[in-house]
Structure formats: structure tokens, C-alpha cells
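Number of protein chains: 2
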Amino acid sequence: MTDSIDLLGISNAIVDILAHVDEEFLASIGVPRGSMTLIDEQRSRDIYERMGPATEMSGGSVANTIANFASLGGRAAYIGRVKADQLGEIFVHDMRALGVDVRLAPSQGGAPTARSLILITPDGQRTMQTYLGACTELAAADVTERTVGKPGILLLEGYVWDLPEGPELIAKAIRIARQGPSRIALSLSDSFCVERHRQEFRDAVDESVDIVFADDDEIMALLETDDFDEVLRAVPALGNLFVMTRSEKGSVVVNGDQTIVQQALRVGKVVDTTGAGDAYTAGFLYGLAGERPLAECARLGTYCATNIIQRVGARIEKDAITSYDEAS
Amino acid sequence: MTDSIDLLGISNAIVDILAHVDEEFLASIGVPRGSMTLIDEQRSRDIYERMGPATEMSGGSVANTIANFASLGGRAAYIGRVKADQLGEIFVHDMRALGVDVRLAPSQGGAPTARSLILITPDGQRTMQTYLGACTELAAADVTERTVGKPGILLLEGYVWDLPEGPELIAKAIRIARQGPSRIALSLSDSFCVERHRQEFRDAVDESVDIVFADDDEIMALLETDDFDEVLRAVPALGNLFVMTRSEKGSVVVNGDQTIVQQALRVGKVVDTTGAGDAYTAGFLYGLAGERPLAECARLGTYCATNIIQRVGARIEKDAITSYDEAS
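In order, the protein sequences belong to chains A and B. Under the working numbering, the residue at position 20 of the first sequence is numbered 20, and the numbers go up by one with no gaps. Under the working numbering, the residue at position 149 of the second sequence is numbered 149, and the numbers go up by one with no gaps.
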């Protein structure tokens, strides 16, 4: 079986519910700013009831990356679980509309489609309260030779390890993808997620993951240090390709004995940082799939992240790559 | 019974599904740019399938006005029909979150919550394809002394005349509101709607409506002329308060023998004209409810419309009035 897909993502399929809030609101619901917390349906309802008017759009970390990768012109496929409800329909529509090959049909029963309440503070930072709903029903049985195929790159997200069958379905997906020429990429998702699954992530990085995407906090959590310089000393010996995003400090790509530091682009006003890392990953992988040099991949990632943070929402606009190529 | 509500709206309760499209897309689905077309569920699904990724937010013409009026700090209530599905929940949440007193509970059965596919062309103009769904089930029985009360102003939209029980429920609402000191306002909705119901609208303007909101096309359709100067000659004799919005030509308020012309404000870039008229109406009515002079009401309306067209979406941001008062 051949597979013309450049990138396959397996992740939580989530609809974002975005609203602007002030710092007092975060305090009143008792969540630390900038965090991602998993919550149950009742708490999701409670917080939603207290939130201001919102905007809904498809989200999910690796799902955003897949959507952005397709927007850039890449051939992408996606495995994630939604229910056949209105939010599920929105999620699938938004993926398909970008040309993403959505490989699971929505469930007829079970929990509703996942939603993440994204609370945006005036500085543009996001705090996420996520009810996983249907995502928790993603099963090892959903990951088959037919649904995985032989993508150029298989991209996983750390959050999947939180699911009941997460570790099992990830192992199975890697095993299937490995039958082809796939490279395995892992996005560490968030530092609390790394805390929850550190040993499993380390094993995966040792044994099967080729490319690691992480921000400062995540990579430091993985390596159990609070010193980024120590990260820089430690990762070359691990042998994986490390892509580390550092907000206004830019990004660092470590490929064995080679380190590339990419500065952030200046922006006027940061409107919403939601999805900046996901957009970076999309740009980087789009470059990688096109066999561009790593330095160019880092520049592409930066370009996409910069595009995202200047407006509300986590997905880049179509034709962003055209603007990039014209600007270069 | 006393009622502390300044403004009660009765209208179609709709969730907007917004996407950017090019002119070719409009041609391919065969709809004239700038129009609002009522479509059935199947056609709604067909067009949605062909549309690009979208963003969802609560909408509906008079519903936007009510939401904006509440954002400005006014006491508002709302009568409209949604189903108890996910889109219905979003609609009701977004109203309640602004403090609007939502007077009907979502239906447990029947047609799904209405959605309007809003196709935004690069010039910021909107073309709307609306599936009315649950709205068509709004009934005369929903309009009672309890749900209508005695609002300062009762705002109706022309689109309600399209509903099976529309004319009946409007007559009933006016009759109930008239038991108090209510002024009756009518937004003409769109020129095709005026064509569909011209005689009924004229009768309403003759007999029971105090304030008419219309754009150029709508007022010319009502008066069966293609000359705005003729409108200006005709309306003073009708005795109603006419508030006419004219896009970049500003707005004209005619109150018997007094005519106020308000220039439009200059804007850098028009992003999306969705809801400009609705926002104007909210600002105007907010001024009127606060007994501000008509010239000041026109300036408030203009301020709100200007706020709306500079970003995607049909509802103004909270605290817009604070910015207005600071700028004045």
C-alpha cells in the first residue's frame, strides 16, 4: 500500500469556545493563568455559564497543526474522535474544508464532542479548561493499517496518553507507521501533561520518536531541570531532532551536533497566543515534508506562529504560504 | 405590572457560520452578492459542505441589536425560538452572558436551531444563506403578557413576517406592549423582505409602528421608489420617526419636520460589514432609551456601526460605550 499523505495526526478533536476574560475571572474559578486543565462535563457547564459571549471554532493542538499544514498546501490526514453532534459536525467540516482526509466517522452515541473553554486575558494569553467528551472514546481499534497507512510523518500529541486506550493506540499507530518510511513526531502538549507521563514520554523519545516538539516548560519538565542551558547541553546526545519554541525568545532546533537558533519576528500587538506552537509545528513540518533545510523549516514555523498570534483563533489563514514565499 | 426592561426584541434566533469566500464561490452557488436568501436544511448542508473553514457565533439581525444594546449597558429582553441543541445552547448562552433576559426556553423537539451561512467577500460584504429551522416554530402562543411585559421599546424585525404565525404574533405583541408606555420599533430587515411584505409593513407603519429602521434599499422598497430624495420628501408626512442608515453616506434621521444628517466615520479597513445596521440600531436605541437628543442617538449608532465593521462578527465588544463617552 502506498500513501500519498505527508502528515497524519492522531490527537484530541476539540471545538474551542473562545472568550475574553479579565484576571479576576480566572481567580474566581480558581485556575492558574496559562494552564490547561481537564474538567468534567458539569464543571465545563458551570464555567461556561459564567463566561461572557463566545466564539466557536475548531481546535485541538495537533488538530490545529494538521489544519494549518493543509492550509499551507500539504497533504494531511487525521484520526480523532468526535460525536455526530453539531460541534462534531463543525469539527469535521473545518478539517475537510481544508482538504484534510478525516479517517474516522463521528460516533453515533457516547459522550458529546469535546470542547475547550479558552479564556483569553488582555495580554493575549490563553487559559484552557477542557472537557474531553468523545475524545476519551478514541480506541486502539480505531488505529488500523487502513486508517494509519504509510504517512511521511506521523504526528502524535502528548495529550493522547491521557486517554484510557491512549498508550495502547499510540504504540499500535507507531508500529503500523513504521512498516513504511514514516518519521514519528511527538508534540509534548503541555508541561503538566509531561509531569503526568514523563517516563512514558522518555521511553517513547528513546525508542520510537524521531522528532520532538516542545516549548521551554515542556522540555524542561521532560528532562527534569529548570535550566534551559542544561536542556541545550543534554539533548544533542539523545539523537532525536528537537524543535523547541520559546515565545518571544524565538525557537531552537537541535539536530545532533547542530543547533539552529531562530529569532522571533517582531509583532505590533499580540492579540491571542492560542495555537502559536501548533502553527509553528505546522510550518516546520511543511518545510520538512518539502525537504527544505532545517533553518528554513524554523523560519517557516516562525512565520506561521507570527501569523496566528496577531488575531483571535488557532488556525492560520489560507494562502499564508504564498505570502511567506512572496515575503522571502 | 411594571417592567424595568428598556428594550424587548422579537426576532429570528440564529447562529452565524462565517467564512471568507471569493466572488467565484458566490457565482458557483448562484447567489447574488449582498443578498439574504432563505434556504432549506438540505441546501444549507450542501453549501456548508462546499464552504471553507468557518467560525461560529450567535447572530440574527434584531438579536444582534439586543445583544449590543445589553453590551452598552441597557436593560434588554428577548423572545426568539431555538431548539435545545448545541447551537441553541450557544445562542442562549451568548445572550444571557450579556445580561439579556431570554424569555423562551429552548424547544426539546422540532427543527434544529437556525443557522445563517455568512459568506464574506474580500471587500467585507456579506452574503447570507439562512436556514430558519426552529425559528419557524415561533408562535403566537409564545407572546404573552408574561413574556412581553411592558418594555420601554418593543423592537420587531421584518423577517418575522416570513414565519407561519409571524403576522399574528406581531399583532399580539404590539397589542400587549401598547397596554404600557411602549414605543414600537420596526427594523425592515432587507429589501427582498420588504418586497415580500410591503403592504403589511405599510399598514404597520401607518397604524402601530413609532420608529422605522431601514437602509437605503429597504426604505426605497417600502416607498416604491428608486430615488432617495423622494424618500426624504415623503417620510416627514408619515409622522413616524425614520432612522435610515446609508453605509459610507452616513445616516439620516427624520422626525416630522426635522431632519438630521449624520456623516459616517472614516475607517482604515472594512473587515466585515455583518451587523453594521444592527449595531447602529442598538446605539441609536440606547441613546433613545436614555432620553438623549436624536442627534446624539445618531452619533451613538454611528459609533457602534463603526466598531463592528472593523472586525469579523456582528456584535460589539463590551465597554464600547465607555470608549464612546471617553472619545466624546
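Read the hints as simulated data drawn from the structure, not as lab findings. A couple of the hints might just be wrong.
Claimed, not checked - DEER-style ranges, computed between Cβ atoms:
#	chain 1	residue 1	chain 2	residue 2	range
1	A	ARG50	B	VAL271	25 to 33 Å
2	B	GLN108	A	GLY109	44 to 52 Å
3	B	VAL271	A	GLU41	31 to 39 Å
4	B	GLN108	A	ASN255	52 to 60 Å
5	B	LEU104	A	PRO32	49 to 57 Å
6	B	LEU104	A	GLY34	32 to 40 Å
7	A	GLU41	B	ARG292	40 to 48 Å
8	B	ASP40	A	LEU104	41 to 49 Å
9	B	ARG96	A	SER35	23 to 31 Å
10	A	GLU41	B	ALA171	25 to 33 Å
11	A	GLY109	B	PHE192	37 to 45 Å
12	A	GLU168	B	LEU104	43 to 51 Å
13	A	GLU224	B	ASP40	28 to 36 Å
14	A	GLY52	B	ALA139	28 to 36 Å
Just so it is clear, CB atoms sit at the ideal spot from N, CA and C, and this is done for glycine as well.
Exercise for review: Determine which of the earlier numbered hints do not hold for this structure and return their numbers in increasing order.
Suggested key: Of the numbered hints, 2, 5, 8, 10, 13 do not hold.
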